[in-house]
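Peer 1: One letter stands for each residue in the lines below.
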Amino acid sequence: MRLIIAILLTLMPISGTFAQMLAFNIEAPPELNVTVITDGVLDYGNLLQNQGLVQIMLNNPQTEVISIEGQFNQNVRVTITPPAALQLDASNTLPYTLGASYANQGENNKGQAISFNGSNVATFRIKEGGAPQGGPRGGGPPTATAYLYLYGDITVGNVNAGTYSGILNIFVEYE
Amino acid sequence: MKLKSLIIFTAAIFSIGGFAVSTGYAQGGSSSGDRFSIGVSARVVNTIEMVTLRDMQFGPVQPGQQQISIDPLLDSESGKMIAIGIPESRIRVSFVRERVLTSSDGSETLTFTYEIAGNDRDDQSSAELLQSDNRNFGLNSRGEYYFWIGGQVNIQDAKPGKYNGDFTIEVEYI
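Heads up: the protein sequence lines correspond to chains A and B, in order. Here the first sequence is numbered in my numbering, starting from 1 and rising by one per residue. Here the second sequence is numbered in my numbering, starting from 1001 and rising by one per residue.
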């Protein structure tokens, strides 16, 4: 009989109320600070009719440079919407092919740049290779700066003389 | 806007998670983002274009003045032109140094002696004086070469009136 009571007590659900205090501290990464370091115009200069392929390469001085400052250990996604062509008017266009790279080792150094490889989108960590020295005032994870390089090719065919233009739209966000 | 997004995200964590204990910090999910634009431009030219950026500016001639002089290296009154063509290409520049100006009624003439300074940079002070004979120059990486036009005219014996003339400069690829 004692054994049966003991087994019943063991199998009975243990009732009771338990409470636990809970506190979250959800920290948002610091806002991305995107700055166009260069003049904001990818300028191919003066070109001749039927000149053919004209390239601004990564290492050319005309390349546009953009800095992206944010929390060093966060990934950012950069989405570029290039124009299909620079336009004088509807019937006079210069086809454009985007060239883009990023450098995320903490330096504005084209030698460290990694190509988007033909894509218009790239996701990368703001800083590879460890945390930068120091941190923002008031604590929090340190920030770092990555660099975006924009360049590309145009083709000049039998088009009218004039000034051709287009817009590269860029969106940078934390992944 | 970004702060508002963060608050909504925090509330969702509490609601869905209930009393389940979550370890670590939730990061990311912020809608922080930045949208911006870069212009892309190119100028297509026919062969070599000469564009007048500024005509020579002559101030009023004072009675008794013997000469009008504009220094192409120093004076802001100098005319300014730009040659536009294939970047880095070599060009030959020639011009007629002396041109005859004619009064508006056609009865009088003056001889204007041009002086030209050139530079592949848009910098008058570092330009060099050009000779009237052919010289070899290079367009810069943007396909440009700049000219500043000045000169002198003797007006000692000139009669009052308005005098007009032109200036011819020839630029060609080598």
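These are computed hints drawn from the structure, not numbers from a lab. Just so you know, even glycine gets a beta-carbon here, dropped at the ideal spot from N, CA and C. There may be inaccurate statements among the hints.
As the list claims (entries may be wrong) - Per label pair, the in silico range of CB-to-CB distance: (1) A/I114 to B/D1166: 21 to 31 Å; (2) A/P61 to B/D1157: 27 to 37 Å; (3) B/I1174 to A/P61: 20 to 30 Å; (4) A/G130 to B/S1125: 21 to 31 Å; (5) B/V1100 to A/M57: 28 to 38 Å; (6) A/N109 to B/S1125: 41 to 51 Å; (7) A/P61 to B/S1076: 22 to 32 Å.
Said to hold, decoys possible - Listed next, the stretches of chain A that the computed footprint assigns to chain B, with coverage defined by at least 3 CB atoms under 8 Å from CB atoms of chain B: (8) 35 to 45; (9) 48 to 55; (10) 100 to 113; (11) 116 to 130; (12) 162 to 169.
Peer 1: Run every hint past the structure and note whether it holds.
Peer 2: Consistency of the hints with the structure:
1. A/I114 to B/D1166: 21 to 31 Å: violated, 56 Å
2. A/P61 to B/D1157: 27 to 37 Å: Hint violated: Cβ distance 54 Å, outside 27 to 37 Å.
3. B/I1174 to A/P61: 20 to 30 Å: Holds, at about 26 Å.
4. A/G130 to B/S1125: 21 to 31 Å: violated, 49 Å
5. B/V1100 to A/M57: 28 to 38 Å: violated, 51 Å
6. A/N109 to B/S1125: 41 to 51 Å: violated, 34 Å
7. A/P61 to B/S1076: 22 to 32 Å: holds, 29 Å
8. 35 to 45: holds (count 7)
9. 48 to 55: Satisfied; 4 residues make the cut.
10. 100 to 113: violated (count 0)
11. 116 to 130: It is violated, with 0 qualifying residues against the three required.
12. 162 to 169: Result for this restraint: holds, n = 8.
This entry does not satisfy hints 1, 2, 4, 5, 6, 10, 11, going by the numbered hints stated previously.
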